[in-house]
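Chemist: These protein sequence lines map, in sequence, to chains A and B. The opening residue of the first sequence carries number 1 in my numbering; numbering runs sequentially from there. The opening residue of the second sequence carries number 147 in my numbering; numbering runs sequentially from there.
The hints are simulated quantities; they were obtained by calculation from the structure and are not laboratory data. Hints may be right or wrong, so weigh each one.
Said to hold, decoys possible - Some chain B residues close to chain A (C-beta under 8 Å, calculated; not the full set): (1) Arg367; (2) Ala399; (3) Arg445.
Unchecked claim - A short list of chain A residues far from chain B (calculated; beta carbon distances all over 10 Å): (4) Asp17; (5) Gly51; (6) Pro72; (7) Thr89; (8) Ile92; (9) Lys111; (10) Leu112; (11) Gly113; (12) Lys120; (13) Ala128.
Predicted model only: the values in this text are computed from it and were never measured. By construction, the Cβ of each residue, glycine as well, lies at the ideal position given by its N, Cα and C atoms.
Residue strings, one per chain:
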Amino acid sequence: MTNENIEILIIEDNITDAEMTIRALRKSNLANHVLHLKDGEEGLDYIFCRGKYSERNIENCPKVILLDLKMPKVNGIEVLQEIKSDERTKSIPVVVLTSSKEDPDIKTCYKLGVNSYVVKPVVFDSFAKAVSELGLYWMIINQPPK
Amino acid sequence: MEKELVSAAGFKTLFESAPGLYLVLLPDLTIVAVSNAYAKATMTIREEIIGRGLFEVFPDNPCDKNADGVSNLSASLNYVLQHKAAHTMAVQKYDIRRPDGTFEVRYWSPLNTPVINAAGEVVYIIHRVEDVTAFIRLKEEEAKSNKVAEGLYSRLQETEIEIYKRSAEIQEINKKLLEEINERKKHEEAIKQLNANLLDINNELESFSYSVSHDLRAPLRAVSGYSQILMEDYGTRLDEEAHRVIKTIIDNAARMGVLIDDLLEFSRLGRKELIKVPYSMHDGVTVVRHELMPAEGERNIEWRIGQLAPAMADSAAIKQVLTNLISNALKYTRHKPHAIIEMDSKTEAGKVIYIIKDNGAGFDMKYANKLFGVFQRLHSASEFEGTGVGLAIVQRIINKHGGEIWAEAVRDQGATFYFSLPA
């Protein structure tokens, strides 16, 4: 866990959504270094190397974080805020992947510096397509900072 | 013989100089003597009145109809003669004659005294008067002022009564006004409360919609997704019927997703405030056309767009209206080899009526009243897809603008939709 190079961090409380996301990534051969965490608290612990991830090296950043908004304990907005307000983590690309297409949420996320906001389609085909395109973009096409 | 202290001539002088208004009369009322003061006061000359009758010299003022000087004096003198006693008269108005013949007002206080001889007969009557004209004048003035004062006082009393009455009225009115203000305040409170309730309900609806929008979609996605996974992972082991069943599940999940979206849009509409601006319908139609046309691919569509008058409208809301109406026109003309979609407008008193006509499938006018109902459809899903919320949304938006929408159609020939907006 400490040295494993996680490329895609999925923070999502819904198991089925996470499973479908990983499946779509796998189909595009992007699922080799994927970690799925089930709530915001665990997500933050991982990113900031706290709690059970205190042995982790914080400079070992994922290439992209797929973040759901509606989660128990610590929700996506709070996670986004923490990531984007810390010098060490604010350049990690965050893609909010959520069911909510409510304006206030979209506005808030952009204000906090989200890199992309994607509404999960209901129809699975479209969902799978969106995820694989997403994955391809952030893993292959986009240039991360060194 | 005693020496006389005062001679007869002396007595005459004494009498005539006496400080008093004296007139001496015989019993037959002939004037025999008069004091200087009397002559002066009556503007008479001694020589001219001595020996003449009293009433000849001093008649009543002919201009005064109520003159009773003569009769009263006469009565008093008769009394004196009869009773051989003095008689005091009440203050008497007895105007005197001026040398030029006109009369001047005078008031006198007369006393008539008999002079009785040794035989007990009245030989003279002394008529003594006080000229009280000035005094009477004063009293008259006083009376006049009193009368004025009295008049003023009674006016004052009347005014006071009026003021009191008016005050009472004002008090009544004030009371009523206060009651009205209280009523108003109560109503305002009630309205405030209702408004607060409305806001609460609105907020509840807002969070309800949000929940629906978010929480219903996730399981729906799972149904659709896992059915797909089933197909992908186990498809080779399943027969045609199984494939059909799974496809049905997926299609219905998709439809449910569209339904949820449409319902949410419909409910969101009711809560949104309209911001009316001058809206160019022409531009709106152009934008919507360009947005919808790519999905139609290669189709034979003829557009006949006339002069579309501008209107006061919420641009996002009306764009929704145009999107729904034009996409309907496109949808229902899908099976026509040559689709014709026309748009026009006409201005009437204070409003603009827009017309959109297509030559598509049309509908049976028998069911026209169902056209705008939520989830009401006049075609089966196999003929044309749709949830039946599109027109309900359009009607809601148009009504919110204060306009109306209606339609005519003939089956298989086409439909014409009309909607009005305030100019």
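Chemist: Please go over all the hints and tell whether each is borne out by the structure.
Modeler: Verification of the hints:
1. Given hint, B:Arg367 at the interface with chain A, holds; its Cβ is 5 Å from that chain's nearest Cβ, closer than 8 Å.
2. The interface hint given for B:Ala399 is met, as the beta carbon of that residue sits about 7 Å from the closest beta carbon of chain A, less than 8 Å.
3. Given the 8 Å rule on beta carbons, the hint for B:Arg445 is violated: about 24 Å separates it from the nearest Cβ of chain A.
4. Not every beta carbon of chain B lies more than 10 Å from that of A:Asp17, the smallest distance being close to 6 Å; the non-interface claim is violated.
5. Under the 10 Å C-beta cut-off, the non-interface status given to A:Gly51 relative to chain B holds; the minimum distance is some 27 Å.
6. A:Pro72, annotated as away from the interface, keeps every beta carbon of chain B farther than 10 Å; the closest lies near 13 Å.
7. The non-interface label for A:Thr89 is consistent with chain B: the shortest C-beta to C-beta separation is roughly 27 Å, beyond 10 Å.
8. The beta carbon of A:Ile92 is kept farther than 10 Å from every beta carbon of chain B, the shortest such distance being approximately 25 Å.
9. Against the 10 Å criterion, A:Lys111 stays outside the reach of chain B, whose nearest CB is about 19 Å from its own CB.
10. Once the 10 Å rule is applied to beta carbons, A:Leu112 is consistent with being away from chain B; the minimum gap is 19 Å.
11. No beta-carbon of chain B is positioned within 10 Å of the beta-carbon of A:Gly113; the least distance is around 23 Å.
12. Under the 10 Å C-beta cut-off, the non-interface status given to A:Lys120 relative to chain B is violated; the minimum distance is some 6 Å.
13. Distance check on A:Ala128: its Cβ comes as close as 8 Å (rounded) to a Cβ of chain B, failing to clear the 10 Å threshold; non-interface status is violated.
In this structure, the hints that do not hold are numbers 3, 4, 12, 13, in rising order.
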